[in-house]
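Asks: So for the sequence shown, our numbering puts the first residue at 1; every next one is plus one.
Calculated directly from the structure, the hints in this document are not laboratory data.
It is possible that some hints are incorrect.
Stated by the list, open to error - Subject to a maximum C-alpha distance of 25 Å in a straight line, what follows is the list of computed DMTMM-like cross-link-like pairs (lysine to aspartate or glutamate):
#  : residue 1 : residue 2
1  : K88       : E148
2  : K59       : E148
3  : K59       : D10
4  : K59       : D49
5  : K12       : E125
6  : K88       : E53
7  : K86       : E37
8  : K88       : D52
9  : K59       : D71
10 : K88       : E125
11 : K98       : E37
12 : K98       : E53
13 : K98       : E125
14 : K88       : E60
15 : K59       : D39
16 : K98       : E60
17 : K98       : D39
18 : K98       : D10
19 : K155      : E111
20 : K12       : E53
21 : K86       : E53
22 : K88       : E66
23 : K86       : E66
24 : K98       : D47
25 : K12       : E37
26 : K98       : D70
27 : K86       : E153
28 : K59       : D70
29 : K86       : D47
30 : K12       : D118
31 : K88       : D151
32 : K86       : D39
33 : K86       : D10
34 : K98       : E113
Computed from a predicted model, the values in this text were never measured in an experiment.
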Amino acid sequence: MTEPVRLTLDLKYAPSIIFLFGLSGAGKSYVGNLIGELDDWYVYHADDDLTDEMLLALKEQRPFTESMRDDFFPVVAQRLLALSRKHKRIVVTQGVYKQRHRDYMMTAIPEMEMLCVDASNPFIEQRLGNRAKGISNASAEALRRDFELPDRETKVITNQSGPSEVVQQLNDYYSRSQIKRTDKNG
């Protein structure tokens, strides 16, 4: 019997707060939980703080309004600031479909870095279809139309082939050797 391969995550040079955003079903929570499990980061799923109005919209398979989002992100920023006083390293998961809200979060918490978690549409649809609870494919489709692509400088984690793929991408972004390559080229 062979020993299972132990994944090693090297986030020594990562910022103290990593914010994972992207489409519903792309795997933000999965990647966040993996970081928490492998490297002992505190995991904050910001969807836990969705407002009652947002929860109703999801139930009725309606997209969030601008007003709903505008009310929500200050709550997330305040929660994150409070958590940062208790935890050394935090990974946050939340869709953040609009660029202006990503910009708002980065202004509110400048020491944070945002990473987009992505997967192909068939993977996303399969994941949403397999969920026992949470957002439906119909709700996800309504929200998808609202998603604004991130700018080219945003780091992207592709989440389609399992934990080894995710860990490799994170290590590529934050390992010592990658930081040194960036310093030489920067």
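Asks: Under the criterion that the straight-line Cα-Cα distance not exceed 25 Å, is the pair K98, E37 satisfied?
Replies: violated (29 Å)
Asks: Given the proposed pairing of K86 with E53, does the C-alpha separation stay at or below 25 Å?
Replies: violated (29 Å)
Asks: Would the hint linking K88 and D52 be met if the CA-CA limit is 25 Å?
Replies: Violated, at roughly 30 Å.
Asks: For the pair supplied as a hint, K12 and D118, is the alpha-carbon distance within the 25 Å limit?
Replies: Holds, at about 23 Å.
Asks: Given the hinted pair K12 and E125, is their alpha-carbon gap at most 25 Å?
Replies: violated (34 Å)
Asks: Take the C-alpha atoms of K98 and E53, compute the straight-line distance between them, and say whether it is at most 25 Å.
Replies: Measuring from Cα to Cα gives roughly 18 Å; hence the hint holds.
Asks: Does K155 pair with E111 here, judged by a C-alpha cut-off of 25 Å?
Replies: Since the Cα atoms of K155 and E111 sit roughly 15 Å apart, the hinted pair holds (cutoff 25 Å).
Asks: Would the pair K86 and D10 pass a check requiring their Cα atoms to be no farther apart than 25 Å?
Replies: holds (22 Å)
Asks: Given the hint that K86 pairs with D39, does the C-alpha gap stay at or below 25 Å?
Replies: holds (17 Å)
Asks: Next pair to validate is K88 with E125; report whether the Cα-Cα distance is within 25 Å.
Replies: violated (35 Å)
Asks: Does the structure keep K98 and E113 at a Cα separation of 25 Å or less?
Replies: holds (16 Å)
Asks: Below or equal to 25 Å on CA atoms is what counts here, so check K12 against E37.
Replies: holds (15 Å)
Consistency note: the structure conflicts with the earlier hints numbered 1, 3, 5, 6, 8, 10, 11, 14, 15, 17, 18, 20, 21, 22, 23, 27 and 31.
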